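Asks: Chain residues, written in single-letter form:
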Amino acid sequence: RKEVEQDPGPFNVPEGATVAFNCTYSNSASQSFFWYRQDCRKEPKLLMSVYSSGNEDGRFTAQLNRASQYISLLIRDSKLSDSATYLCVVIASGSARQLTFGSGTQLTVLP
Amino acid sequence: DAEITQSPRHKITETGRQVTLACHQTWNHNNMFWYRQDLGHGLRLIHYSYGVQDTNKGEVSDGYSVSRSNTEDLPLTLESAASSQTSVYFCASSDTRREETQYFGPGTRLLVL
Chain W
2 RKEVEQDPGP
12 FNVPEGATVA
22 FNCTYSNSAS
32 QSFFWYRQDC
42 RKEPKLLMSV
52 YSSGNEDGRF
62 TAQLNRASQY
72 ISLLIRDSKL
82 SDSATYLCVV
92 IASGSARQLT
102 FGSGTQLTVL
112 P
Chain R
491 DAEITQSPRH
501 KITETGRQVT
511 LACHQTWNHN
521 NMFWYRQDLG
531 HGLRLIHYSY
541 GVQDTNKGEV
551 SDGYSVSRSN
561 TEDLPLTLES
571 AASSQTSVYF
581 CASSDTRREE
591 TQYFGPGTRL
601 LVL
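Which chain is which? The protein sequence lines are W and R, in order.
Just so we're aligned, residue 2 is where the first sequence starts under my numbering, counting upward by one.
Just so we're aligned, residue 491 is where the second sequence starts under my numbering, counting upward by one.
Derived by calculation from the structure, the hints in this document are not laboratory data.
Some hints could be false.
Taking lysine to any residue and the SDA-like style, the derived pairs with C-alpha atoms no more than 20 Å apart in a straight line are [stated by the list, open to error]:
| hint | chain 1 | residue 1 | chain 2 | residue 2 |
| --- | --- | --- | --- | --- |
| 1 | W | LYS43 | R | GLY530 |
| 2 | W | LYS80 | W | GLU6 |
| 3 | W | LYS43 | R | GLU493 |
| 4 | W | LYS43 | R | PRO498 |
| 5 | W | LYS46 | R | GLU493 |
The structure presented is a predicted model; accordingly, all values stated were derived computationally and were not measured.
Based on the sequences and whatever the hints tell you, model everything.
Replies: What follows is the structure, encoded as structure tokens:
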């Protein structure tokens with residue numbers, strides 16, 4: 002079983018739609034969680050951290066469910082520029098410098 | 491502006507040849523990482539370094555080596571390239587004060603024939 006699992010998609014949604022991605026992690030000792038974004042043929046970049054209480058950054062909302070070991074990313078009012086692959090990232094306890102990446106979920110926002 | 495660069499951006503080589511991919515960062519970060527990205531696998535850690543003269547093996551280190559002689563550079567060497575090493579390679583760095591945020595280079599696309 003992979004440490005971090007994501008639905009690869011692709012998710013094709015119309016502009017203005019709300020879309021949600023989930024990610025599950027296998028190590029219950031994982032301590033930190035993030036979403037990275039990767040544009041086609043580009044490098045990954047940090048999108049946002051995921052806190053236990055949930056957090057929001059504009060149209061993006063990230064939530065963590067430790068009991069079920071999953072994190073989610075909600076994008077409201079999708080824009081064409083949101084088209085990218087979204088990578089779920091986990092840091093296991095005791096390895097603060099090492100990130101474990103999911104395979105990514107591909108999103109295409111259609112005009 | 492500080493940045494992280496990789497060279498070459500594209501490389502074609504033959505099986506059995508030694509290949510070195512360069513990574514250079516001007517962030518003055520202590521932590522540096524090499525990943526490979528393949529379809530269906532996501533990013534997998536090859537080697538990493540927490541400072542000069544420090545190197546460590548990652549999840550998929552077989553067939554690869556790194557050296558860290560200064561803060562700015564972490565070259566990745568494929569000792570004897572194999573077709574299974576055809577991939578996109580990303581270098582990354584992070585600050586010890588914000589280790590959860592890694593800054594990635596633009597990537598090197600390597601094709602081993």
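Asks: Now look at each hint and say whether the structure bears it out.
Replies: Do the hints match the structure? See the list:
no.	hint	in the structure
1	W:LYS43 to R:GLY530	17 Å, holds
2	W:LYS80 to W:GLU6	25 Å, violated
3	W:LYS43 to R:GLU493	15 Å, holds
4	W:LYS43 to R:PRO498	15 Å, holds
5	W:LYS46 to R:GLU493	13 Å, holds
Violated hint: 2 only; the structure is consistent with all others.
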